[in-house]
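Student: Okay, here's what each chain looks like letter by letter:
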Amino acid sequence: MLELKAVDAGYGATTILHSVSLNVQAGESVTIIGGNGAGKTTTLRTIIGLLRPTAGTIHFEGQDISRLSAHEVVELGITLVPEGRQLFPDMTVRENLYMGAFRRDARSQAEKTLKEVLELFPRVAERLDQQAESLSGGEQQMVAIARGLMARPRLLMFDEPSLGLAPIIVEQVFSVIDSIVKTGVTVLIVEQNVHHTLNAADRGYVLENGEVVLEDAAQALLTNDHVRQAYLGI
Amino acid sequence: METFLQVVTNGLMLGGLFAIVSVGLTLIFGIVKVINFAHGEYLMIGMYLTFLLATGLDVHPYLTVAAVAPLLFVLGALTQRFLIQPLMHARDEHVQIFATVGLSTALMNLALLVFGADIASTPASGLRTSLHIGPVRILAGQAVIFCVSIALVVGLHYYLQRTQTGRAIRAVAQNRDAAQLMGINVNWIYVLTFGIGAACVGLAASLVAPLYPTQPTSGTYFVLIAFVVVVLGGLGSIGGAFVGAMIIGLIDSLSGFYIGSDLREVAVFGVFLLILILKPSGLFGRRSLAHVSP
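The listed protein sequences derive, respectively, from chains A and B.
Counting in this note's numbering, the first sequence runs from 97 upward without gaps.
Counting in this note's numbering, the second sequence runs from 44 upward without gaps.
Calculated directly from the structure, the hints in this document are not laboratory data.
Hints may contain errors.
[Said to hold, decoys possible] Per label pair, the in silico range of CB-to-CB distance:
hint: 1; chain 1: A; residue 1: SER232; chain 2: B; residue 2: PRO178; range: 53 to 59 Å
hint: 2; chain 1: A; residue 1: ALA206; chain 2: B; residue 2: THR172; range: 32 to 38 Å
hint: 3; chain 1: B; residue 1: ASN152; chain 2: A; residue 2: GLN227; range: 45 to 51 Å
[As the list claims (entries may be wrong)] Just a sample of chain A residues kept apart from chain B, beta carbon distances all over 12 Å, derived:
hint: 4; residue: GLN159
hint: 5; residue: LEU210
hint: 6; residue: GLU222
Virtual Cβ for every residue (Gly too), placed ideally from N, Cα, C.
Start from the sequences and build out the full structure, keeping to the hints where you can.
Tutor: Listed below in structure tokens is the structure:
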């Protein structure tokens, strides 16, 4: 479904990703783990088109999307739930959710999608008419995920969904992601919370200094010596 | 009492004039985050277009809006696409401001070249006749400007709140990256917004031209007040610009009558500074100025 081949990317003259190759098959949930500054966020921003790869190619469902802008990639069916929520602060929760359904394929079904999404997020349903910035961090993260689902994406990407949240909220976020995976949406998650994300995913890639150093089934990575030492502290 | 009512009415009418000139400026600043120093020259060009069309086709100046507003839309959209957008990724965002200052000077001198320094008088077409409303008198043209300025503010508010494109415009203003992640073409939204802001001042031009003389420097007179109004109301706030315009109009009129007409500007700028000291983000600015500018 998604395939990166030898992708280099970065900011200005600084190259962050060095020849990153990875793929995501339809229906899979895949995770990219790695420490701070390993290039996880850069990978997602490059896929979605906020950054242009300086070398290599990115294909989505057979189409070369390496040179497309973010709004064009979103139209094709990839959605990114960005790090730090990135809600529209002066809009209500309802308006934020409808913005999620901006892309053409989602717009006509927005009402229907909203009903489905709110069943998954009862707390968000109670907050529909509040300003987004008045919500707590955990609630904002739920709105950000719900907004991502409003796009009816074929591939949904999460950037650090548990960052900065209280442990109990982290549990909730991962249980929501679990139920999204079960509905058959293809998912790519980037996380520092390695334990949770490997339990939620089918396969994983380990990114270090902008290079893929390991790839394996998620369960195998959980027992991998390097992963256990470097990321699980065992 | 009657005099006081008349002075207040004059202030409100002046406020309507300031509001209609300022709305486009605050819209462009609020969304595109560019301070357009060529805004006054847009007005001046709009006034010349009104003059040329009204005299050339021998039609009522108001009818020229149908052509002037779309032409200004195109001018604004072209400015964004070919002047501002290439500078979006410049190392320093002040480069964009200098570009609009350059555009301002270029347009003013272009007007001087084409039209000369003489005053172009658009036919008043009855708009300078006085209407008697109760105890006060208002020029017909001023009353129209006042009403249209309200309609424009309400209309823009409705457009931004209720339409799909309007919501997309607000989304871009609030979080540019997130807006792209929703599938919004941010560059197109910027071009559209610059166009709408310029079309607003085109509308203003067709209403202002029958009442005020048109010359290459016409824009500079209005644009200084427009900047005061926009900053006072809170940069980017359309409702704020309207209220700011009314306040400036009232102070201008009241101080001109009760203190002395040569001290009007002292009063206007004195109150302006006072409000900014007390509330640096302006009356309706949601955040501090440092936060608004990117």
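Student: So, for every hint listed, does it hold in this structure?
Tutor: Hints versus structure:
1. In this structure the hint that SER232/A and PRO178/B lie 53 to 59 Å apart at CB holds, the actual value being about 56 Å.
2. A hinted range of 32 to 38 Å is violated for the C-beta pair ALA206/A and THR172/B, which are about 52 Å apart.
3. Between ASN152/B and GLN227/A the C-beta distance comes to about 47 Å, which sits within the given range of 45 to 51 Å.
4. Non-interface status of GLN159/A relative to chain B is upheld: no Cβ of that chain comes within 12 Å, the nearest being about 16 Å off.
5. Interface exclusion of LEU210/A from chain B stands, the closest Cβ pair being 15 Å apart, more than 12 Å.
6. Here GLU222/A stays apart from chain B, with its beta-carbon at least about 23 Å from theirs, past the 12 Å limit.
In this structure, only the earlier hint numbered 2 is contradicted, and the remaining ones agree with it.
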